[in-house]
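Using the sequences provided together with the hints, build the complete structure.
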Amino acid sequence: MSALTCRGLSRSFGALRAVDDVDLTVAPGARHALIGPNGAGKSTLFRLLTGRMRADAGTVGLGEHDVTSLSEVRRCRLGMSQTLQHSSLFASLTAAETVALAARRHDGTRIVPWPRRQPRVGTRSAELLGLVGLADRAGDTVPSLSHGERKQLEVALALACSPSVLLLDEPAAGMSPAESARLLAVLADLPSEVTVLFVEHDLDLVFDLADRVTVLHLGRVLLSGTPDEVRASDAVREAYLGTSRREELFTS
Amino acid sequence: MTEVSQRPEAVPDNVVGGTPPPRPRRRLGPVPAIVVVVVLAAAPLFLAPFATTTLTRLLVFGLLAVSLDLLVGITGLPSLGHAAYFGAGAYAAGWVSIHLTPAIPVPLLVGAAVGGLAAAATGWVAVRSAGVYFLMLTLAIGEVLAQLAQSWDGVTGGANGLSGIPAARLGSEPLLGVGYLYWYVLAVGVVAFALVWLLARSPFGATLRGIRDNESRMRAIGYSTTLYKYGAFIAAGTIAGVAGSLLAAQQRLVTPGDLGFTTAALVLLAVVVGGAGSLWGPVVGAAVVVLVRDALGPGLGGHGELLLGIVFVLVVYLLPRGAAGLTSLRPFRRRRS
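Going down the list, the sequences are from chains A and B.
Take any residue in the first sequence, count from 1 to its spot, add 1298: that is its number in my numbering.
Take any residue in the second sequence, count from 1 to its spot, add 327: that is its number in my numbering.
Among these hints, one or two may not hold up.
[Claimed, not checked] Listed next, with one range per pair, are the computed distances between beta-carbon atoms:
1. VAL364(B) - ARG1408(A): 30 to 38 Å
2. SER1308(A) - ARG528(B): 32 to 40 Å
3. SER1442(A) - PRO359(B): 25 to 33 Å
If you are wondering where the hints come from, they were derived from the structure by calculation, not from laboratory data.
Small disclaimer: the values here were computed from a predicted structure and weren't measured.
Backbone N, C-alpha and C fix where the C-beta goes; we use that ideal spot for every residue, glycine too.
Quick look at the structure:
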């Protein structure tokens, strides 16, 4: 049983086939990277997987559920959680309030219309903020956070949804090297029940974290394999650079 | 969230020696609210009957503005049709007072129920839109209900309005004195305000603020935002219905103008002038609107609306967060030398 699958997933914008008949299988507990040059269809594929965008054709499976016809909200309730490429948070809330929103929803209690003390939500939020390194920023509002801190908050928010599958769209984009290293540690320490599928341009991070890599090119799967197989592939090199000068691509 | 962390680099470097660094403001707790309620409760003892009546109208309009702030300020749904639920509640309360009983909880509960039901019946379409589409849909719904009030002669009295509403009765005593009527309106208003305030501070209220800030992200973390917006719409309609039943008790007459576009626009103006999202700000905004229109307007030869327009422009430029934004201004701001 795989954690996340899609079969024949397609989506076009006019004449452009942004995602074209994509099959993808993400094994439970995998750290699965999705890479590809700009315009390969990575973000569109993410939107199709999370349900933000409807597919023209194909199916999406989450664990034993067929979620093709389910909304983004229902998919989240079934354990799919995401961060977005451009951080998308709540301008008037503090970091702690932001994480509490998601923690409360996935706490199993009802969202009641009268004030209620929720110590469990508070503890969980503080714990997650500590995990991503924002413990001392809990009371600060989102606009006062730096770009990197917002990306960290995105990860805490996604984890607060108690996901079984976590989809991260360029989680390290715009982070400082220190922040990026911290993110890597957080993701590496996630319990093995959590499956991670992530899009990332920082190939160092990809090869440090991923145990499986899928390369997209022009909306199609070019190759799916272990990091070493991808590193060695001539096709991947050509897709990325239109060249076979390996040292310019993977310097690690 | 009570803990405000002060990171070293957050301290401004232009602090002149001797000036203490900014400290978190001390919380005044419920003291200001208690003072305001006590002053309001004592007001009729000192005011002339006409002033008391103006203050009563102001409270009714203020409660309507609070209910709209639940939509505009808390949920981020600016509505131009909110007077429809106010009017629906007013007509229902008036009709029940005439044909059944004016005994006190009855018109109030009927007004609330009808306001809420009218919002439930029309809101399901409206909350599926956002922004300017929501504004236009609520405007259309408001106009449809205003037309209904105009033409449904048998129930609403048509263009003449629903007249001959008996005075509200507490037990067997009718509330005839302006002071008693004022206290009735104040008591209901305070309770309704407290309910809205509690709602805004609840987990449900936190969800509404999340929707206001970023609805698509709320969906991504598992909230069916349409349902929550619908809930907020019905709650706002119910409170508007309560305000409507107070209007019926105060004016003893309900006219189609009470649920028309002008009322809806004025109450939205009150929310913006007072400061959307603070709940108490819109009450101040309602006071400004009512005073400018009813107290200063006649002296200006019917140009009250013009003055309101000027007030609105000034508020937008000088106080972007409305009257409620005044509390965050520091009284002695040190200029950079």
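*Of the numbered hints stated previously, which ones are contradicted by the structure, given in increasing order?*
Hint 2 alone not satisfied by this model.
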